[in-house]
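Peer 1: For reference, the chains in residue letters:
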Amino acid sequence: MSVNNVAIQETPMTQIDFEKVKKKQRTISFFKGMLFLLPSIILFSVFLFYPLVRTIYLSFFLTNAAGETTVFIGWQNYVNLFTSPIFLQSIKSTFLFVLYTVPITIIISLFLAMIANEKLKGIGFFRTVYSSTMGISVAAASVFWLYLFHPSIGLLNMVLKAIGADGIGWLTDPNWALFAVSITTIWMNLGFTFLILLGGLQSIDSYLYESADIDGAGYFYKVRRITIPMLSPTLFFVVTVTIINAFQTFGQIDILTQGGPVNSTNLVVYSIYREAFMNYKFGSASAQAVLLFIIILIMTFLQFKFGERKVHYQ
Amino acid sequence: MKKLFAILMLGLVLFIAACSQEGDTEDPEKDGATESGETETDTEDSAGDSEATGEKQNVTFWHSMGGAGQEALNAIVDSYNSSQDAVQVNAEYQGTYDEALTKFNSVAGTDSAPTMIQTFEIGTMSMINSGSIVPIQELIDADGYDMSGLEENIVNYYSLDGKFYSMPFNSSTPVMYYNKDAFEAAGLDPEAPPETFEEVEEASKAIVKSNPEMKGFALQAYGWLYEQLLANQGALLLNNDNGRTDTPTEIGWTEEEGKSIFEWVKHMVDDETFANYGTNGDNMMAGFLAGDVSMFLQSSASSRDVIDNAPFEVGIAFLPHPEAKDRAGVVIGGASLWMIDDKSEEEQKAAWDFMKYLQTPEIQAQWHVGTGYFAINPAAYDEQLVIDAHKEMPQLQVTVDQLQATKSSYATQGALMDMIPEGRKIMETALETVYNGGEVDDAYNTAVDQFNTAIEQANAARGE
Numbered sequence: 143m144s145v146n147n148v149a150i151q152e153t154p155m156t157q158i159d160f161e162k163v164k165k166k167q168r169t170i171s172f173f174k175g176m177l178f179l180l181p182s183i184i185l186f187s188v189f190l191f192y193p194l195v196r197t198i199y200l201s202f203f204l205t206n207a208a209g210e211t212t213v214f215i216g217w218q219n220y221v222n223l224f225t226s227p228i229f230l231q232s233i234k235s236t237f238l239f240v241l242y243t244v245p246i247t248i249i250i251s252l253f254l255a256m257i258a259n260e261k262l263k264g265i266g267f268f269r270t271v272y273s274s275t276m277g278i279s280v281a282a283a284s285v286f287w288l289y290l291f292h293p294s295i296g297l298l299n300m301v302l303k304a305i306g307a308d309g310i311g312w313l314t315d316p317n318w319a320l321f322a323v324s325i326t327t328i329w330m331n332l333g334f335t336f337l338i339l340l341g342g343l344q345s346i347d348s349y350l351y352e353s354a355d356i357d358g359a360g361y362f363y364k365v366r367r368i369t370i371p372m373l374s375p376t377l378f379f380v381v382t383v384t385i386i387n388a389f390q391t392f393g394q395i396d397i398l399t400q401g402g403p404v405n406s407t408n409l410v411v412y413s414i415y416r417e418a419f420m421n422y423k424f425g426s427a428s429a430q431a432v433l434l435f436i437i438i439l440i441m442t443f444l445q446f447k448f449g450e451r452k453v454h455y456q
Numbered sequence: 106m107k108k109l110f111a112i113l114m115l116g117l118v119l120f121i122a123a124c125s126q127e128g129d130t131e132d133p134e135k136d137g138a139t140e141s142g143e144t145e146t147d148t149e150d151s152a153g154d155s156e157a158t159g160e161k162q163n164v165t166f167w168h169s170m171g172g173a174g175q176e177a178l179n180a181i182v183d184s185y186n187s188s189q190d191a192v193q194v195n196a197e198y199q200g201t202y203d204e205a206l207t208k209f210n211s212v213a214g215t216d217s218a219p220t221m222i223q224t225f226e227i228g229t230m231s232m233i234n235s236g237s238i239v240p241i242q243e244l245i246d247a248d249g250y251d252m253s254g255l256e257e258n259i260v261n262y263y264s265l266d267g268k269f270y271s272m273p274f275n276s277s278t279p280v281m282y283y284n285k286d287a288f289e290a291a292g293l294d295p296e297a298p299p300e301t302f303e304e305v306e307e308a309s310k311a312i313v314k315s316n317p318e319m320k321g322f323a324l325q326a327y328g329w330l331y332e333q334l335l336a337n338q339g340a341l342l343l344n345n346d347n348g349r350t351d352t353p354t355e356i357g358w359t360e361e362e363g364k365s366i367f368e369w370v371k372h373m374v375d376d377e378t379f380a381n382y383g384t385n386g387d388n389m390m391a392g393f394l395a396g397d398v399s400m401f402l403q404s405s406a407s408s409r410d411v412i413d414n415a416p417f418e419v420g421i422a423f424l425p426h427p428e429a430k431d432r433a434g435v436v437i438g439g440a441s442l443w444m445i446d447d448k449s450e451e452e453q454k455a456a457w458d459f460m461k462y463l464q465t466p467e468i469q470a471q472w473h474v475g476t477g478y479f480a481i482n483p484a485a486y487d488e489q490l491v492i493d494a495h496k497e498m499p500q501l502q503v504t505v506d507q508l509q510a511t512k513s514s515y516a517t518q519g520a521l522m523d524m525i526p527e528g529r530k531i532m533e534t535a536l537e538t539v540y541n542g543g544e545v546d547d548a549y550n551t552a553v554d555q556f557n558t559a560i561e562q563a564n565a566a567r568g569e
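Here the protein sequences line up with chains A and B, keeping their order. Take 143 as the starting number for the first sequence in my numbering and just add one per residue. Take 106 as the starting number for the second sequence in my numbering and just add one per residue.
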């Protein structure tokens with residue numbers, strides 16, 4: 143009896159112990175995990191989470207020139223933005239800018255990557271040339287284009303005049319300015335997208351092409367059925383990154399047009415900069431930043447939802 | 106391997122902790138240093154100097170002079186440093202006025218703040234409101250310094266209720282640059298430049314007629330020039346006497362005054378005699394030097410640059426005004442020097458000494474000739490250096506004459522308000538709309554609405 147009793151009493155005891163140990167181990171491994179994550183948690187909190195929370199907080203206030211909050215105004219900053227023709231124009235310009243730059247950048251760099259992927263003598267030289275814009279800073283590239291666009295001594299207008307056409311006010315005509323900034327941006331982004339796409343192309347197994355050759359497939363058939371599907375993860379990455387970059391464009395605007403003429407190139411990030419550091423309206427600038435964050439978040443979400451379906455992972 | 110990681114991690118954590126601690130303990134240390142007479146900071150910054158000369162007071166001077174201005178300023182700072190043993194001024198270029206002001210706002214009240222900073226004229230109100238400056242009047246009173254020797258118009262701009270908040274330094278006004286050779290070719294008198302809006306229109310037509318490759322006139326879409334063209338008609342930018350008697354609540358100009366500038370430009374755009382360089386002043390200057398346009402408005406601070414670089418003879422004339430209005434004169438543009446709060450008395454005294462040095466006739470003469478800014482101390486015009494330069498470049502004289510011909514009024518004293526940078530951008534956009542064929546009424550009314558909204562918002566943000 144007593145032995146049985148002991149046995150009965152002991153079983154739940156060991157079970158409890160087992161649970162306890164398991165729990166203890168779990169907490170230990172949790173803390174260990176946290177310890178490993180700590181550096182990035184600290185860095186992210188300092189440089190991302192805190193500024194994000196602070197921005198949202200500021201967007202509900204009016205501020206003085208030093209950025210200290212003065213009056214709480216609730217949603218008024220957001221209401222002002224949606225009724226401000228300047229901000230609506232800047233949203234429109236931003237979307238137009240994304241539309242001008244992203245597809246063209248990717249098509250041109252895909253084309254360049256495909257011809258640079260051929261195994262020819264001296265191809266290394268061309269690969270270097272095609273990716274060279276990656277090594278040029280935004281500021282240097284913008285200044286370079288600033289001179290090309292120059293109304294009186296710029297190369298582009300000199301060429302136009304030489305063939306008998308009228309010079310174009312590249313950066314002063316509101317119909318051309320956004321286009322001119324887009325050309326600059328496409329040129330600047332080519333190097334990076336080219337390099338990533340070339341990397342993607344090189345990692346496609348050659349046996350796929352060999353089998354296709356045996357089956358007698360033509361060049362364009364191979365591009366459509368092998369290259370593009372196999373490249374889709376890289377393409378997806380490149381599209382996502384280029385879109386986010388386009389939304390965050392700042393340097394070339396600051397140097398080329400300062401948001402002008404007639405606010406036609408006043409993209410959202412530049413508008414935030416102006417509002418915060420020229421007009422000292424940190425509240426309104428924060429509200430714009432929050433809206434930009436939401437827009438990019440939605441765009442990226444949509445891309446993952448719809449774009450990723452077409453992506454073929456090996 | 107795991108241990109190594111753990112150690113690394115621990116090291117990182119400690120490092121971060123140490124960093125934040127360092128930030129905490131920094132303040133008392135430095136405070137102590139400033140109280141105990143500056144020896145510590147001295148040895149840090151100029152070990153060589155302090156050994157030789159004992160204690161040398163450091164002054165950090167933030168400025169926004171690029172290009173030719175920077176060279177001229179550095180020369181002055183060097184001559185000051187070598188002229189005496191007590192003070193070492195370290196001039197630091199901090200980007201444009203806007204950029205420098207932004208940087209200053211983020212360090213104001215900390216030890217990283219400079220001893221003195223150069224801020225543009227429209228930053229005057231935000232500097233006073235910032236609460237991190239010492240009104241220069243306190244030092245003037247303590248020192249018994251006489252400010253009456255300075256140029257009257259400059260004194261008018263920078264004194265508020267008879268009190269100086271900052272020390273005037275580099276001042277300029279807008280002038281009209283014109284190509285004398287082109288005037289001659291078009292049969293115009295190069296010695297009698299157009300004075301009114303109407304005459305500018307006529308001259309532009311004549312220029313284009315004689316040389317279809319050259320446009321007549323260019324006006325950079327620049328809010329400052331718009332303000333000057335208003336002031337030249339005797340119009341106020343903001344109500345309540347340009348914000349000098351009370352906080353402004355709306356714009357100060359009348360529809361006739363404001364629109365006259367837009368209509369003037371519109372006429373020339375329609376005549377196709379207007380060259381559009383947008384907001385880019387450098388392009389406009391390059392276009393003028395390349396012979397693409399015969400007249401343009403710009404700050405007199407560029408005059409030395411333009412005269413030196415033009416392959417033709419450059420004329421400088423007064424700012425034009427509408428025929429219907431008398432010329433009222435121009436507002437002082439440029440910048441002044443601000444003394445920053447929370448610095449030791451020795452440091453402020455040293456900076457004050459440097460400010461006084463900048464006002465001396467010799468230095469002002471050097472500055473005027475080297476850049477085209479005015480001498481804020483009129484005694485400088487009697488210096489041989491200036492007399493010689495004016496003989497060689499009579500154009501420099503015009504800029505001085507224009508300022509001295511200015512009638513003192515609230516309009517030409519200039520506006521004071523912290524939203525002026527925003528207002529400028531609004532006027533620039535409106536001007537650009539007209540340059541690109543927009544209607545004057547639409548552009549003007551939109552701009553006025555936005556301008557008034559900006560004033561309202563700025564007043565609301567101050568919690569008043």
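Simulated from the structure, these hints should not be mistaken for laboratory data. Among the hints, erroneous ones may be present.
[As the list claims (entries may be wrong)] Straight-line Cα separation of at most 25 Å, DMTMM-like style, residue types lysine to aspartate or glutamate; simulated pairs: (1) A:Lys234 <-> B:Asp547; (2) A:Lys303 <-> B:Asp547; (3) B:Lys371 <-> A:Asp308; (4) B:Lys314 <-> A:Glu450.
Nothing here was measured: the structure is a model prediction, and the numbers come from that model.
Peer 1: So which hints don't hold here, by number, going up?
Peer 2: 2 and 4
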